[in-house]
Amino acid sequence: MGQILQLRNISKTFPGVKALQGISLDLQEGEVHCLCGENGAGKSTLIKILSGAYQPDEGGEILIDGQRVTLTPRLAISLGIQTIYQEHIVFDSLSIVENIFAGAEILRAGILNRREMSRRTEEVLQYLKSDLDHGRKMWELTSGEQKTVEIAKGLVFKHRVIILDEPTASFSSAEIDNLLEIIQTVKQSGIGFIYISHHLDEVFRVGDRVTVLRDGHKVNEHAREDLVKSRLIKDMIGRDPSTFYQREKVEIGEPVFEARNVCGKGVKNVSFVLRRGELLGISGMTGSGRSELMNLLFGAQPLDFGEIRIQGRTVRHRSPKDAIRHKLCFLTEDRQTSGLFLPQTIAQNVATANLVNVKKLVVRPSGDVRTGDAYVKRLNIRTPDSRTRVVELSGGNQQKVVLAKWFNTNGEIFIFDEPTHGIDVGSKQEIYQVMVDLLRQGKAVIMVSSDLPEVISMSDRVLVMKGGAKVAELSGAEITEENILTHSIGDSAI
Amino acid sequence: MNQAVAAERNPGERSVRLKTSLFSRHENLTPLSIFLGFILIIVALQLYTQGLHKYPTFISPVNLLNIMQQVAVPGIVAVGMTFVMLSGGIDLSVGMLASLVSIIVASGISTWGLSVTVSIALGIGAAVFLETLMGFIISRTKVEPFIITLGGMITFQGMALLLSNSREVILNGELNFCKINLIEGAKDPVTTLNLVIPPYVLLFFFLILVGGLVLRFTKFGRRIYAVGTNPHAAYLAGINVKNTRLSVYVIMGLLVGIGATMLLSRINTGIVTLGQGLEIDTIAMVVIGGTALRGGKGSMLGTLIGIFFLGSIGNAMNMLRLPSEVQFVAKGLVVIIAVSAGDVSSKVTGFLARRKDKAAARRSIAI
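Sequence lines, in order, name chains A and B.
Here the numbering used here is used: the first residue of the first sequence is 1, the next is one more, and so on.
Here the numbering used here is used: the first residue of the second sequence is 1, the next is one more, and so on.
The shape of chain B in the complex, shown without the other chains (with noise of 0.2 Å):
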């Protein structure tokens, strides 16, 4: 035994546990580092060409906050996903989802006639229920989430179509109360434009917010981690593991049903191409942050992370007004890039400490 603690105790070990702390202790560190160098490079793209002009730029407050209530309805929604991707599981259903709550919150208004809060019950409710359903299949069961929530995106694509006969529900403004400006008056210092914060930018800096101490600081938030990491180890150590992967859906409900009536206050209309591609937008998100698909890995922050560098990617490609078809390959291009970045940057260290030690060996031999 003594040897084997001398063995472990090696310097040379310990020196290379340092070089690559750093990066494998804070896993947030890598898209942090990548979306950090990206703005850097947009900024000094712009600063090169068009200098500080009097017209809105990428750095500029009201870009800032344009960026901002971009993001808010897909980062509602990427706070749930989160979870859901951390207890080990996926939903590819919220897109539709958020279509169908659109949906029924519009009708609910402009059609059957009743009240604002009791439509927008109603549409969180629905959604709350319905990824219930879909959590207590999944929980109680060996099928794979996927599979499930696939089956949800079809049937709920399927009862959108059905509730609005397959058109558009048109509001009359009774959600603006969603997205008054909260600043009204301040102007932009060089471009002197409206400053906007609506409510909902505000509600989703609450909702990561609290997102992230539940995982962090509660009894709830360690289980979600154990159970995606090793659910029979779980269950072992005393985890009720089927209410925890059917908890997950149901934050999940209420956070679509949320995000969706936020969506459909902007658009003003309840149609079925609404929450077309959120699930993309925002397992995007996620993974960009560094949660594992397989689960127990990530954290709010890097959701936090990951969804601001999504939301100004495509921000930034508006402004250098790229055409929108270059716009996708490059998304598609960056979310592969900040995912497989952090695995090279490890095999890049491995790498160099390799070579070190190699030359480190020859030295020795030469003497």
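Same shape as in the complex, but just chain A (with noise of 0.2 Å):
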């Protein structure tokens, strides 16, 4: 087995900040090399070095079977280097044979030769043991089936080195299962991936060795054998980690939500009790109904059927605002489309939710700075003040602007749908420390997640969902890891 690419001594600066400094790799044919470290440890300036997209600076060298290149993101691809983002790129209105060869179609005298380049993503495709249709359009793929287009891609290119960022972050784990085992498919011939998740158990899985990276720095290398997951852990966040999951318990009060034969779209017929400092997990794969679920009970979908009780009061939601006005908060997964105005400042986007509240007709923008401050301090926002814009914010202070602008609508219960999806290890954890903070309060928390281990430790009760349908709840020495597991796939529940 011979060595693909290799990094000397590279590091990366960016005014005022020091991204990577002297990090040295190496990777080999039909090896997954992954790389590990929390938010802003230079995982992704890195990726953006390899992939043309940033230049190292003076000093850093690239090698590619041992020549020194300059890379450019054309080169970069030229000598087969794919990169496949977290974010998904991919021409949604064309087919999957379309997004592979985009811009490097195949020709006969001028024409597109559709026929050849079928022939080709098909040839691939069954390499892949998938069974997806080479003309189906990508939108209607899964992010799971999607990624599996853009591994594709770097088969039918004949690629050397492909690149994964963050590949399972909206993965159930079924499709978790999948893409790892196409990945040591397509290692048997010979290319080499650099791997990077948040997922230990992924890395486990599929790194043959694993680089830790820490504020910009390699604080280590293992090779397979010696891979250790508590050290690993401490590597990365350079604290305990036996301390992790470990939440306080609240003694729990009366009802204060109830939800009675609910039923609408996608979701079947659910019914379940929330008391007063109760944390209640929804597990289910993806696509169990479980987003669908919260839509629902937060009325920014209509309710064909059943009953929303709080505090012992039936009420209707017709749209998210009657939702609020009842006290709920409902804290989306995917923080940057559906929770945050990003180009606004803290301060405006704290005040918005609020404005079902307010019964002035007159507000001041001098007021809302005010309270966005309070909210800056109390939970800790790294930033000047709350005049700055939440764009220029990391992703954890993003999550944080988010918890302030609930908070400050005074709700009672909080639906937190994938908390910590795509959050380094310790703001996880200051997420958690929020939530039991609430429940200290006498708050209540559904908590939608698709980490086991996050669900098992975080719960006082599950409620576990399976094609829309609430398919077990369980509670105190019930939640465990099989447990959830044969109810979400459900063979021996039913």
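Since the hints were derived computationally from the structure, they do not count as laboratory data.
No residue lacks a Cβ here, since even glycine has one placed at the ideal position from N, Cα and C.
Treat the hints with care, since some could be wrong.
Label-pair distances were calculated between CB atoms; the ranges are [to be verified]: (1) Val315(A) <-> Lys347(B): 45 to 53 Å; (2) His232(B) <-> Val315(A): 46 to 54 Å; (3) Arg260(A) <-> Gly350(B): 23 to 31 Å; (4) His232(B) <-> Arg68(A): 44 to 52 Å.
Relying on the hints, combine the two individually framed chains into one complex.
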């Protein structure tokens, strides 16, 4: 096995920040090299250097097959380095074949040679044991299938290095299995992978080698044989991981929210009760109707049948406006597209959801800034003051702005949809602490999550969903990984 | 986490923030500085070529008041356009709608025998009704406002032609109360020409003030910004996105109605060409003022700058006796330069900051 890629002493300085300092790493043929590290550790910068988007500082060297190269995006691709970013860059309305060959179409006499392109795509899809039809449009595919297509692209063009940045961020566990299997298959053909993930489980399953970055430095490199999970976490965050998933229990009070036989788009007959000081975990595979249920409860989708009771009174939510008036808060999964007003300031963002409760005609921007500043302090948002635009903040801090926006409405019932999705280990813990604080104040939390350890360690009770219906409600000692999985995959449950 | 804090509090990063913050925090600064630069050039040019002569110059009071009269009507419509564009919409129909309103009001007075008040109410009412109709379609469907209002523009032109039998409707000065001189007898100290401030100039200032206050100090204003920035997030934050988007067109209708009546009073003739190009001028004014076409960014103060910017360019070029063909080219270029200047200046700032950092890094290596 030969060495494809080598980085020597790579540094990258941005105005005022040293994003990378003296990184050296290499990639062998047929190897999966994982990069781990918290957000801001320098993983993304490293990828951008590899894909030619950034140039390293002087003194750094990139070698491909032993040859020194200066990468540009175009050169990187022609040398066979393919980067698959976290956010899919796909042409939604084009087919799989058209996406794979976009910009590199095969021509015959100046006209697209559709048959040849389809043949090559089909060949690769078969090799990947995928049953996707090559003529399907991208928007019809799940995010897992879209990733498969992008890897197929690497095979079609015989790329040598495939870089995967957080590929499984929105995957169900079946999709993760599928992707990891594909990687195992593809690496047999000699393609090297650079695999970036927050999910240590995945790293353990596919990684041949693991490099840990922290603050732009390479902390450690582990070979597969001597990987130890707790050691890896220590490398990443530099603190003791034994405190990681331990939650303080809070006394549970009277019922505050109740759903009775709720039906709607993608949801069939779900009932549950939520009490003060209680955290109800909602588990299930992607597409099991969890987010749909939340939209229904929050009034963002019409309720076809059933009843919602808040503090013993039946309520009807015609729109989120009513839900907010009834003290509901909904922290959506995708904060950038549905939770934040990115170009606006923290103060403006925080003020927005509470407009529902504002009775006054005149609202003062200076008042918003005062409120905003108070939340900046309380939630430890790292910025000089609340006049900063949200777009300038990092992911973890943006999540805190979303929290501030909802705290400001004086809500009682908090719905968190994938609260720690794409967030580093340290920020995760801060979010958990916030949830526990809410419970301690006698509020109630519903948490939708795909992260099983998170569901298990945080929930007082777990509702398992499958195919839009509730298939199990677990509490106490019943909440185990095995139980949840059996119910959500579902052979034995029905 | 502690390391991340350290990285974010890096002093270098902070200094970069400060460098860019003046222009990025005060978004009106870019158009304002270009505008002031432009005025300076004109004034310098004039002083250099003509000195302080006894005929109207660009900065003479009589000309400044003249500019205000010229921009008042497009200015009133630009207030509405600011609302529409902040909410993420656009309205191409305002020009033809203004023509239609002028024909309705003029016909009302001279052919249908209605009183002046009723005619004006009818014209403004029609504008509000038609804009509401368009706003209803725009807010309840996913069709682009560009398309709907383009359709509206063509329809209104047809309606105006039908109503007037493709002719002009002439008034006998029934609307002159809109343009009486409020400072009768005041003279320009240099040229001794009469100074004129008609009521519609005051109305323009009043409307832009009210518009600015509504945007900045009311719940409604906040909602417009929220809807323009991110409609989905706005919906989930409890904002009635549909009605917010509808309401900006209703406001637009009201302002077009008022603006068209003022325009009619100046020209005394209801004719289909009256509002021609009004949509282009008002969109240009709003855009020069820093309002983004995609919505959510901009302010009434920016629009005010844009209004006077575009208005004084036309005026200045008249003073310099440039032919109208040249004026079109110059006006177009100014729009392009004014709008891209903000982006260019941030690029330049970024480039300078990077170069300085590079130099600092080199020095640290040398040591």
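Verification of the supplied hints:
{"no.": "1", "hint": "Val315(A) <-> Lys347(B): 45 to 53 Å", "in the structure": "52 Å, holds"}
{"no.": "2", "hint": "His232(B) <-> Val315(A): 46 to 54 Å", "in the structure": "23 Å, violated"}
{"no.": "3", "hint": "Arg260(A) <-> Gly350(B): 23 to 31 Å", "in the structure": "57 Å, violated"}
{"no.": "4", "hint": "His232(B) <-> Arg68(A): 44 to 52 Å", "in the structure": "48 Å, holds"}
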